[in-house]
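Novice: Starting from the given sequences, assemble the full structure and let the hints guide the process.
Quick note, the sequences are listed as chains A and B, same order.
If you're matching positions, the first sequence starts at 1 in the working numbering and goes up one per residue.
If you're matching positions, the second sequence starts at 289 in the working numbering and goes up one per residue.
I should point out that these hints are in silico values taken from the structure, not numbers from a laboratory.
Bear in mind the structure is a predicted one, so any value in this text is a computation, not a measurement.
No residue lacks a Cβ here, since even glycine has one placed at the ideal position from N, Cα and C.
Among these hints, one or two may not hold up.
Sample of chain B residues facing chain A (criterion: CB under 8 Å; computed from the structure) [claimed, not checked]:
id	residue
1	289
2	292
3	308
4	309
5	312
6	325
7	332
8	339
9	340
10	343
11	344
12	354
13	414
Simulated pairs of lysine to aspartate or glutamate, EDC-like, Cα-Cα distance not exceeding 20 Å [as the list claims (entries may be wrong)]:
id	chain 1	residue 1	chain 2	residue 2
14	B	290	A	66
15	A	9	B	305
16	B	290	B	305
17	A	82	B	401
18	B	412	A	176
19	A	9	B	303
20	B	294	A	56
21	A	82	B	409
22	B	294	A	53
23	B	290	A	56
24	B	290	A	49
25	A	285	A	56
26	A	82	B	402
27	A	9	B	312
28	A	82	B	413
29	A	82	B	408
30	B	443	B	401
31	A	82	A	60
32	A	82	B	305
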Amino acid sequence: MGGYFPWVKRYLRPQSLDEAIAAMNEFKDAAAVVAGGTSVAMRLPRRVEVLVDLQDLGLDKVQVTDAGLKLGAMANLRKVEKAAAGAWGGVIASACSTVGSRLVRNAATLGGEMAAGLPWCDIPVLMAALDARVSVSRPDGEEAVSAWQWTSQRPSDILGSGVITRLLVPGHVANEGAGFYKVMRVQGEYGAAVAAAWVRLDEHDTITACRLVSGGVSPHAVALNYAQDALVGSKGDDTTLKYVASMIEQRFKPASDPRFDRAYRQKMTGVAAKRAVQQAIAMAKGGR
Amino acid sequence: MKITFKLNGRDEEWEVEPGANLLDVLRENGHTEVKRGCDTGDCGACTVLVDGVPRSSCTMMAGQAQGREITTIAGLGDALDPHPLQQAWVEVGAVQCGFCTPGMILSAKALLDEAPMPTEDQIKDALSGNLCRCTGYVKPIEAIKLTATRLNNDKGVTDA
Ligand SMILES: Cc1cc2nc3c(=O)[nH]c(=O)nc-3n(C[C@H](O)[C@H](O)[C@H](O)COP(=O)(O)OP(=O)(O)OC[C@H]3O[C@@H](n4cnc5c(N)ncnc54)[C@H](O)[C@@H]3O)c2cc1C
Ligand code: FES
Ligand code: FES
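Specialist: So this is what it looks like as structure tokens:
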């Protein structure tokens, strides 16, 4: 499994972002970024002949303020877990802590999570729910792409030869809350199901806006639009949440794999969504 | 391509293939103390410290080592001059086949550098990427606690 890729001809260590972007643009499909390397070093398509390592660019800075979080794309998940412990009620840190083992989190980066396009990547699920902005640099400049786009497109289609430089997560507002829930048999393993939620409540605790996202099925996250529609206008009470969970169970179409069959995943996605929404509502109420 | 880096405290300059991973390159250069278990980032047998931080070398390209300080278990100590963790591992019987041991001890070393008196939960989290198929985890946890106590006692004596 672990890779030796004789088809790779060059390993570049650009010293500036411009140099990295130029290399990605020059070699296009034949180039790939190396971030933490946890995926690249294991599976690399044969078309990739040039590796562009971003580690000298200082893209690993993490800044957490009340106004929001600026998370460098090269920050590893362990670093984010520690730095973001107090942000958004700890939900970002807690999502990071479910990714693989400590050895994985010491290496895998935020940018890598967003770009890898692997069904088990959990962070894009949360970033989509939080509507984070993903800064993507290309030769013609930097674009702030909504992480919500990760719910409908493969990362490779969003990014092309672009380089993710950082993620901007909006600051927590008093009547808003977020939740993340991953169903795992042991801490850190690939999830049987994962869901992230964001809600906004009015003064009567009615949900006025909601984003609900799942993962684990395809190279991109999945927006549970029908469940969002059912939640808006409700108070997220037990009856509504039960209804939402059963709707997800019927409509969500995950794949089976050797670990979990489809029926189990469907059921667990309903459970994960319900718990993520419950967390989000509790945070929104507590934040007032 | 050439990579220059520090390995167990020594400056090295190696010629490596641009598509090679660090585990292969280390082992090909005689560092078979770095074990190959799963080759998929799951078992932690190939753990090395990169600038003091443990990670699997099978999920790291050799080029990523450029300019870094890599430590393998051989950089910690040997049979004649063992590191306190290695000593404790032997004393409490935390080794059976020993295949997981280099990785476990390196993860433990990084933990004690960060948290000199770790809680059991911190120890479990630190070892979460290092799988052991024969001894289990009770003895390694005991060995880490013993080492932490000894190192802190030594420090106390020195500080006094
Ligand atoms: C044993 C194991 C268990 C894991 N378990 C989980 C899990 O439970 N949940 C989970 O979410 N993840 C998990 N992961 C991590 C996940 O599978 C990927 O390996 C990880 O997200 C990749 O991050 P990286 O920084 O190492 O990226 P790399 O491997 O360096 O890159 C991954 C891909 O993204 C591209 N890329 C990286 N950074 C950028 C950038 N800044 N701009 C543009 N493109 C970029 C690369 O070209 C490549 O195509 C696990 C990994 C391992 C090894
Ligand atoms: S051989 Fe690298 S983690 Fe198993
Ligand atoms: S001692 Fe044999 S695998 Fe741990």
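Novice: Run every hint past the structure and note whether it holds.
Specialist: Hint by hint, here is what the structure shows:
{"no.": "1", "hint": "289", "result": "holds, 6 Å"}
{"no.": "2", "hint": "292", "result": "violated, 12 Å"}
{"no.": "3", "hint": "308", "result": "holds, 5 Å"}
{"no.": "4", "hint": "309", "result": "holds, 5 Å"}
{"no.": "5", "hint": "312", "result": "holds, 6 Å"}
{"no.": "6", "hint": "325", "result": "violated, 10 Å"}
{"no.": "7", "hint": "332", "result": "holds, 6 Å"}
{"no.": "8", "hint": "339", "result": "violated, 11 Å"}
{"no.": "9", "hint": "340", "result": "violated, 10 Å"}
{"no.": "10", "hint": "343", "result": "holds, 4 Å"}
{"no.": "11", "hint": "344", "result": "holds, 5 Å"}
{"no.": "12", "hint": "354", "result": "holds, 6 Å"}
{"no.": "13", "hint": "414", "result": "holds, 6 Å"}
{"no.": "14", "hint": "B:290 <-> A:66", "result": "violated, 45 Å"}
{"no.": "15", "hint": "A:9 <-> B:305", "result": "holds, 8 Å"}
{"no.": "16", "hint": "B:290 <-> B:305", "result": "holds, 9 Å"}
{"no.": "17", "hint": "A:82 <-> B:401", "result": "holds, 16 Å"}
{"no.": "18", "hint": "B:412 <-> A:176", "result": "violated, 34 Å"}
{"no.": "19", "hint": "A:9 <-> B:303", "result": "holds, 14 Å"}
{"no.": "20", "hint": "B:294 <-> A:56", "result": "holds, 17 Å"}
{"no.": "21", "hint": "A:82 <-> B:409", "result": "holds, 16 Å"}
{"no.": "22", "hint": "B:294 <-> A:53", "result": "holds, 19 Å"}
{"no.": "23", "hint": "B:290 <-> A:56", "result": "holds, 17 Å"}
{"no.": "24", "hint": "B:290 <-> A:49", "result": "holds, 17 Å"}
{"no.": "25", "hint": "A:285 <-> A:56", "result": "violated, 43 Å"}
{"no.": "26", "hint": "A:82 <-> B:402", "result": "holds, 13 Å"}
{"no.": "27", "hint": "A:9 <-> B:312", "result": "holds, 17 Å"}
{"no.": "28", "hint": "A:82 <-> B:413", "result": "holds, 14 Å"}
{"no.": "29", "hint": "A:82 <-> B:408", "result": "holds, 19 Å"}
{"no.": "30", "hint": "B:443 <-> B:401", "result": "holds, 13 Å"}
{"no.": "31", "hint": "A:82 <-> A:60", "result": "holds, 13 Å"}
{"no.": "32", "hint": "A:82 <-> B:305", "result": "violated, 35 Å"}
Comparing the model with each numbered hint stated earlier shows that hints 2, 6, 8, 9, 14, 18, 25 and 32 do not hold.
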